[in-house]
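Trainee: As a plain string of letters, each chain reads:
Protein chains: 2
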Amino acid sequence: MEFVKNAIGREVPTEADGRVLTPFQGAFADPLREGKRATPSRPHSHPEHKGGERKLLANIKEAIAKTGLRDGMTISFHHHLRNGDYVVNMVLEACAEMGIKDLTIAPSALFPVHSPVIDHIKNGVVRNIQGSMNGPVGAFVSKGGLPTTAILRSHGGRVRAIEDGDLHIDVAFCAAPCADDFGNANGLHGTSACGPLGYMQIDSQYADKFVVITDNLVSFPCIPIDIPSTHVDYVVEVDKIGDPSQIVSGTTRITNSPGRLYIAKLAAEFIRKSPYYRDGWGFQTGAGGISLAVTKFLGDFMREDGINAEYINGGITKFAVDLLHEGITKKLLDGQVFDTAAIASLRDDPMHQQINLGMYANMHSKGCMVNVQDVGFLGATEVDVDFHVNVNTHSDGMLLHGIGGHSDVSAGAKLSMMIIPAYRKRIPVIRESVTTVTTPGETVDVIVCDLGIAINPLREDLIEHFKGSKLPIRDIRDIKREVDEITGGEPEQPKLADRVIALIEYRDGTIIDKVMQVKR
Amino acid sequence: MEFVKNAIGREVPTEADGRVLTPFQGAFADPLREGKRATPSRPHSHPEHKGGERKLLANIKEAIAKTGLRDGMTISFHHHLRNGDYVVNMVLEACAEMGIKDLTIAPSALFPVHSPVIDHIKNGVVRNIQGSMNGPVGAFVSKGGLPTTAILRSHGGRVRAIEDGDLHIDVAFCAAPCADDFGNANGLHGTSACGPLGYMQIDSQYADKFVVITDNLVSFPCIPIDIPSTHVDYVVEVDKIGDPSQIVSGTTRITNSPGRLYIAKLAAEFIRKSPYYRDGWGFQTGAGGISLAVTKFLGDFMREDGINAEYINGGITKFAVDLLHEGITKKLLDGQVFDTAAIASLRDDPMHQQINLGMYANMHSKGCMVNVQDVGFLGATEVDVDFHVNVNTHSDGMLLHGIGGHSDVSAGAKLSMMIIPAYRKRIPVIRESVTTVTTPGETVDVIVCDLGIAINPLREDLIEHFKGSKLPIRDIRDIKREVDEITGGEPEQPKLADRVIALIEYRDGTIIDKVMQVKR
Numbered sequence: 000m001e002f003v004k005n006a007i008g009r010e011v012p013t014e015a016d017g018r019v020l021t022p023f024q025g026a027f028a029d030p031l032r033e034g035k036r037a038t039p040s041r042p043h044s045h046p047e048h049k050g051g052e053r054k055l056l057a058n059i060k061e062a063i064a065k066t067g068l069r070d071g072m073t074i075s076f077h078h079h080l081r082n083g084d085y086v087v088n089m090v091l092e093a094c095a096e097m098g099i100k101d102l103t104i105a106p107s108a109l110f111p112v113h114s115p116v117i118d119h120i121k122n123g124v125v126r127n128i129q130g131s132m133n134g135p136v137g138a139f140v141s142k143g144g145l146p147t148t149a150i151l152r153s154h155g156g157r158v159r160a161i162e163d164g165d166l167h168i169d170v171a172f173c174a175a176p177c178a179d180d181f182g183n184a185n186g187l188h189g190t191s192a193c194g195p196l197g198y199m200q201i202d203s204q205y206a207d208k209f210v211v212i213t214d215n216l217v218s219f220p221c222i223p224i225d226i227p228s229t230h231v232d233y234v235v236e237v238d239k240i241g242d243p244s245q246i247v248s249g250t251t252r253i254t255n256s257p258g259r260l261y262i263a264k265l266a267a268e269f270i271r272k273s274p275y276y277r278d279g280w281g282f283q284t285g286a287g288g289i290s291l292a293v294t295k296f297l298g299d300f301m302r303e304d305g306i307n308a309e310y311i312n313g314g315i316t317k318f319a320v321d322l323l324h325e326g327i328t329k330k331l332l333d334g335q336v337f338d339t340a341a342i343a344s345l346r347d348d349p350m351h352q353q354i355n356l357g358m359y360a361n362m363h364s365k366g367c368m369v370n371v372q373d374v375g376f377l378g379a380t381e382v383d384v385d386f387h388v389n390v391n392t393h394s395d396g397m398l399l400h401g402i403g404g405h406s407d408v409s410a411g412a413k414l415s416m417m418i419i420p421a422y423r424k425r426i427p428v429i430r431e432s433v434t435t436v437t438t439p440g441e442t443v444d445v446i447v448c449d450l451g452i453a454i455n456p457l458r459e460d461l462i463e464h465f466k467g468s469k470l471p472i473r474d475i476r477d478i479k480r481e482v483d484e485i486t487g488g489e490p491e492q493p494k495l496a497d498r499v500i501a502l503i504e505y506r507d508g509t510i511i512d513k514v515m516q517v518k519r
Numbered sequence: 000m001e002f003v004k005n006a007i008g009r010e011v012p013t014e015a016d017g018r019v020l021t022p023f024q025g026a027f028a029d030p031l032r033e034g035k036r037a038t039p040s041r042p043h044s045h046p047e048h049k050g051g052e053r054k055l056l057a058n059i060k061e062a063i064a065k066t067g068l069r070d071g072m073t074i075s076f077h078h079h080l081r082n083g084d085y086v087v088n089m090v091l092e093a094c095a096e097m098g099i100k101d102l103t104i105a106p107s108a109l110f111p112v113h114s115p116v117i118d119h120i121k122n123g124v125v126r127n128i129q130g131s132m133n134g135p136v137g138a139f140v141s142k143g144g145l146p147t148t149a150i151l152r153s154h155g156g157r158v159r160a161i162e163d164g165d166l167h168i169d170v171a172f173c174a175a176p177c178a179d180d181f182g183n184a185n186g187l188h189g190t191s192a193c194g195p196l197g198y199m200q201i202d203s204q205y206a207d208k209f210v211v212i213t214d215n216l217v218s219f220p221c222i223p224i225d226i227p228s229t230h231v232d233y234v235v236e237v238d239k240i241g242d243p244s245q246i247v248s249g250t251t252r253i254t255n256s257p258g259r260l261y262i263a264k265l266a267a268e269f270i271r272k273s274p275y276y277r278d279g280w281g282f283q284t285g286a287g288g289i290s291l292a293v294t295k296f297l298g299d300f301m302r303e304d305g306i307n308a309e310y311i312n313g314g315i316t317k318f319a320v321d322l323l324h325e326g327i328t329k330k331l332l333d334g335q336v337f338d339t340a341a342i343a344s345l346r347d348d349p350m351h352q353q354i355n356l357g358m359y360a361n362m363h364s365k366g367c368m369v370n371v372q373d374v375g376f377l378g379a380t381e382v383d384v385d386f387h388v389n390v391n392t393h394s395d396g397m398l399l400h401g402i403g404g405h406s407d408v409s410a411g412a413k414l415s416m417m418i419i420p421a422y423r424k425r426i427p428v429i430r431e432s433v434t435t436v437t438t439p440g441e442t443v444d445v446i447v448c449d450l451g452i453a454i455n456p457l458r459e460d461l462i463e464h465f466k467g468s469k470l471p472i473r474d475i476r477d478i479k480r481e482v483d484e485i486t487g488g489e490p491e492q493p494k495l496a497d498r499v500i501a502l503i504e505y506r507d508g509t510i511i512d513k514v515m516q517v518k519r
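Line by line, the protein sequences are chains A and B.
Numbering that gives the first Met the number 0 numbers the first residue of the first sequence as 0 and each following residue consecutively.
Numbering that gives the first Met the number 0 numbers the first residue of the second sequence as 0 and each following residue consecutively.
All clues stand as given, with none of them false.
Which copy is meant is left open, because identical chains are indistinguishable; a pair holds if it fits in one copy or across any two.
The calculated lysine-lysine pairs, modelled on DSS-like cross-linking and capped at a C-alpha distance of 27 angstroms, are: (1) Lys413 to Lys469; (2) Lys264 to Lys295; (3) Lys35 to Lys65; (4) Lys466 to Lys413; (5) Lys121 to Lys494; (6) Lys413 to Lys65.
Hints are computed from structural coordinates only; laboratory data are not their basis.
Construct the complete structure from the given sequences, taking the supplied hints into account.
Mentor: Structure (structure tokens):
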């Protein structure tokens, strides 16, 4: 492997597994924008014709056979069922039984439930992973278990990669909580309801073959139509596509840690005093404990101040739904949901709008939602004095988390905030240099932690705006020094082998960082 | 021009305006299925970035200039505003003033309100038309006014042509009854509300540049999102995009002619006795006076028989909405609406599902709706003893109507019925051979007229099913003889010049017939 230093000084490979790579050149440089564009799939099969064959097949193996899936191909999945998903494991099990080898899997994300993937890597069924890995699979890959280099992409970056032809999917397998025998599907109805199927819409357009796998076959036409029959080759009915208790929680819980609540309150206070907090504003929220608390505090402030949001964008929870019902926000934009209240609202509230992940965050579109929102607040595993953010690895080098929409939201929002504890169990979160750069500091405006608030020096306007503020605004290096005093300084350097096991792709398709193998 | 005889014996050209043409080879032969596939548009502009330019421009001319529109390019429009549309005329007027020449216009359809197109053809702004022409523009083209050969496509065929790369659109101009300044748009809200914007979704994906023109700019994000911001380059606000009184009628009127009502009743009786009339069936309806009457009678029968439809597909009217509200149909599939009751229902009824025109009828997809529906009933200007149908020209050769979804629905529905008067003002509708073939007889199952019902001999199963029926089932040639007796026989042959002025493209992209110039 040859390496080159990218725009933020990270050494990244110029090539991996025969793929030529472009180093990161700055958050808005976008060197690949004028590149190629993939063509959507060509419908070879047309079972709908008079006397033609039906799309509904007997089982997953028949579907795999019909699609022509063979060694070396790429298959994809979505993660709307999160840690309750059965479909990834069912499909890989079937592939293993059918003797199919060397697959690239391109899920939007893998969860602990998908640890059988490890066995499929070991037995040669899976050869490459292009997608987020949360937990055991990531740990296995970190220790050198995957024979190739994994690629992690952001939500928007995955859509970009497919549309730009960097990631060609041969066969997509779509877990569908509700579908008809012609392939129309949604995620709103049935015991495995998961909300929108927005992660999979791009796969439905570009995958050569698209298979819907459902445990809730309904009469044609399945309404609402999220994935349309025009994009579906085959339909398979199975007993269960997932474990409802792991797909959504009945209720999403706010943090009850006083320390975390303090950080959330501080972040909400900062937003309240920022120029973006005004009638008609819009913000991005997620489902983490701190994120929920910030949303709650913002709701309280808006109620108090007589301010309404025009919209909340994001992973939607009961907290956002309550603000919608109360009229404190007029609209919700929804790429994924996290609880049953959000599913019910998506089904029933006309101003709760589903958006696919391209609409959410693909920067190689004519305009995605995150790129125009006012405020986005995000978490991190590490941040550093250059405001670079790591959400993928721990300080020991282990790759344990996906990117999600992190680099997308941070680049898009007019005010991008990292809301974090300054340290966790005596391990500093604020570092001299993050273990892995997921999101470039250039796009990170503010870091809020229990020790204060640091504004990125690039945001002279914000620094000016907050001059004289009573909020604990401090230099990031001051905070970092205090963190070191409390924790005893930087943690040990991870013990790394001389092999790149994964690449962190920036939302524009360039390589922002690499992840090295951790010594066992 | 060289000609070749196609599968139904019509002489069609092998080439027109430099375009190589494929003759029709049978309704299900589909010789072009394995052909090329166009790539969606590449987003060159990204005004959404921090500090980037805004999409909202001052006026249509600025938008035309920004898109880089120049001589010889292709521009497109939708016809959801029907005879109330102002946008086609506004854009062409601006092009004329800017000195742009030789444009191909590719509207989904033109109406009488668009007669200024005639002047733009005369002054050289417009050189070719690929789209339906209803009324004056068609008459002008019939008389040889267009310097090139026009192409008419069905609803599904237009989507197919764009996806397959036969029709490349440089700039699309989308009349939008409701839009935000980032380009998200719908047709549901505002004084120019027209229902769905489904005709334009394919243009939004494939046109190099896409301009939203609205008279109702709302706060971001415009919800529901029909056309997404990811597909929109520019937004222009104008005073009025159309005349509401001509966009939708407050109410759609059923025919009150006793003769027409008799035909409709006969058709409904036939459907009631057919094998397709059963609990859970689905049918296609339109907005013509007879079609509405058939829908009404079917509603009466279903109520009487305790039968429910699973869905009604089509151009939606108050009649279909009433059946939905009553529970006689469970769902509506909606490609376009025809009255205000249908718009209100699309807005408010969760089981009223909007579908785009690809989902409706594109046969080069993995499965469009018309291809699986049970029953479709349609009108015609002429039918013949081979069951071929003409909806484009009159017996004098004048090209006065578009195709709509005619050939799509006829090929797709398990029972395809033409419901027509046997003659109009002593001009036979049932002919020895239709003036122009829009829809091949192979796909037409039944003709219902005031003189009886003719079943296509190809449908031996249906003939068998109706053996002994009390319905007036007759041989098509018997009916034709009676028509001749009443009307005095076949009308005069049209007086035609030796020049092809338009091509009728079948839904699969082959040429099913040509239209000759009518002598002035």
